[in-house]
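K.L.:
Here is how the chains run, residue by residue.
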Amino acid sequence: MERLLGGDERAFEEAVADMYPTMLAVARGYVRNRTVAEEVVQEAWVAVLKGLERFEGRSTFRTWVLAIVANIARTRAVREARSLPFSSFEIEDGEPAVEPERFREAGQPYAGGWKSFPTDWRTLPESRLLASETFDLVGRAIEELPDAQRTVITLRDVTGCSAEEVCETLGISEGNQRVLLHRARARVRTQLERHLDA
Amino acid sequence: MPESRRDFVDGYACREVVELATEYLEGAMTPQQMTRFELHLNLCDGCFTFVEQVRATAGMARSLSEDEIPEETKVKLLEAFRGWRNE
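Quick note, the sequences are listed as chains A and B, same order. Just so we're aligned, residue 1 is where the first sequence starts under this note's numbering, counting upward by one. Just so we're aligned, residue 1 is where the second sequence starts under this note's numbering, counting upward by one.
Just so you know, the hints here were simulated from the structure itself, not pulled from any lab data. This one's a predicted model, so the numbers in the text were calculated from it and none came from an experiment. For each residue, glycine too, the CB sits at the ideal point set by N, CA and C. Do not take every clue at face value.
[Claimed, not checked] Pair ranges (Cβ atoms, derived): (1) 39/B to 33/A: 43 to 51 Å; (2) 71/B to 115/A: 47 to 55 Å; (3) 54/A to 27/B: 32 to 40 Å; (4) 38/B to 143/A: 33 to 41 Å; (5) 173/A to 71/B: 34 to 42 Å; (6) 173/A to 16/B: 18 to 26 Å; (7) 27/B to 101/A: 24 to 32 Å.
The whole structure should be built from the sequences, with the hints applied where relevant.
P.N.:
This is the structure we're talking about:
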């Protein structure tokens, strides 16, 4: 931060590379087109540089930068007449984490219990679990998620943001953040299970 | 399937446990909820495995290679930085 203010190019390069995946994920939460999302990230850095001297350190540098990205992306989304995913996201769809058919029906003994247990992945050969195709599948499954879910799982699980950072950046409650993360992880887990059980 | 013969009267059913996995992993449960939840996991291999699978899923996401900044973007940003520095 001080190195940035001092005009240290190397520090800037590091910050840009380091924050790129997180900034892009935030931008893509609002604008669907990847090229546009990249433009948002660029615009955000220009805004960061302009505001750098006025940055008061009330939030961390990272939170401050992410807020700028989100703001610019929101403006872009409004201009493109896109609905904002986090203002009206599909929390009410109540999609179950696991297909209901996996559990014993109501009225039967042990209703709501597993019909057959999921496979313990630790019993699989490591080569299977760590195969690049398994990781590719995780990446694809994340890409295919609805915007709000993809954004939250990318920020939390891929780029390693904290729950607080995600809530603050996207302007969502802790509860909604958890619901989105849960739905996202559940869908990716289901894809993994199908792949690994096959 | 003898191992799934549980008494669900006082605890969670497996169907509920799977919906609470993230609350649990995020440490967002009340102490009472957590006690009930862990009691279930201790008795139920299926749900224990499920929670481990969710944890593993998050772990795999963490090891994905992240988006790298395109060279072109980097060059543009460096120009912007030099412009800012020279202002």
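K.L.:
Against this structure, judge whether each hint is valid.
P.N.:
Tested hints:
{"no.": "1", "hint": "39/B to 33/A: 43 to 51 Å", "verdict": "holds (48 Å)"}
{"no.": "2", "hint": "71/B to 115/A: 47 to 55 Å", "verdict": "holds (52 Å)"}
{"no.": "3", "hint": "54/A to 27/B: 32 to 40 Å", "verdict": "holds (36 Å)"}
{"no.": "4", "hint": "38/B to 143/A: 33 to 41 Å", "verdict": "holds (34 Å)"}
{"no.": "5", "hint": "173/A to 71/B: 34 to 42 Å", "verdict": "holds (39 Å)"}
{"no.": "6", "hint": "173/A to 16/B: 18 to 26 Å", "verdict": "holds (22 Å)"}
{"no.": "7", "hint": "27/B to 101/A: 24 to 32 Å", "verdict": "holds (31 Å)"}
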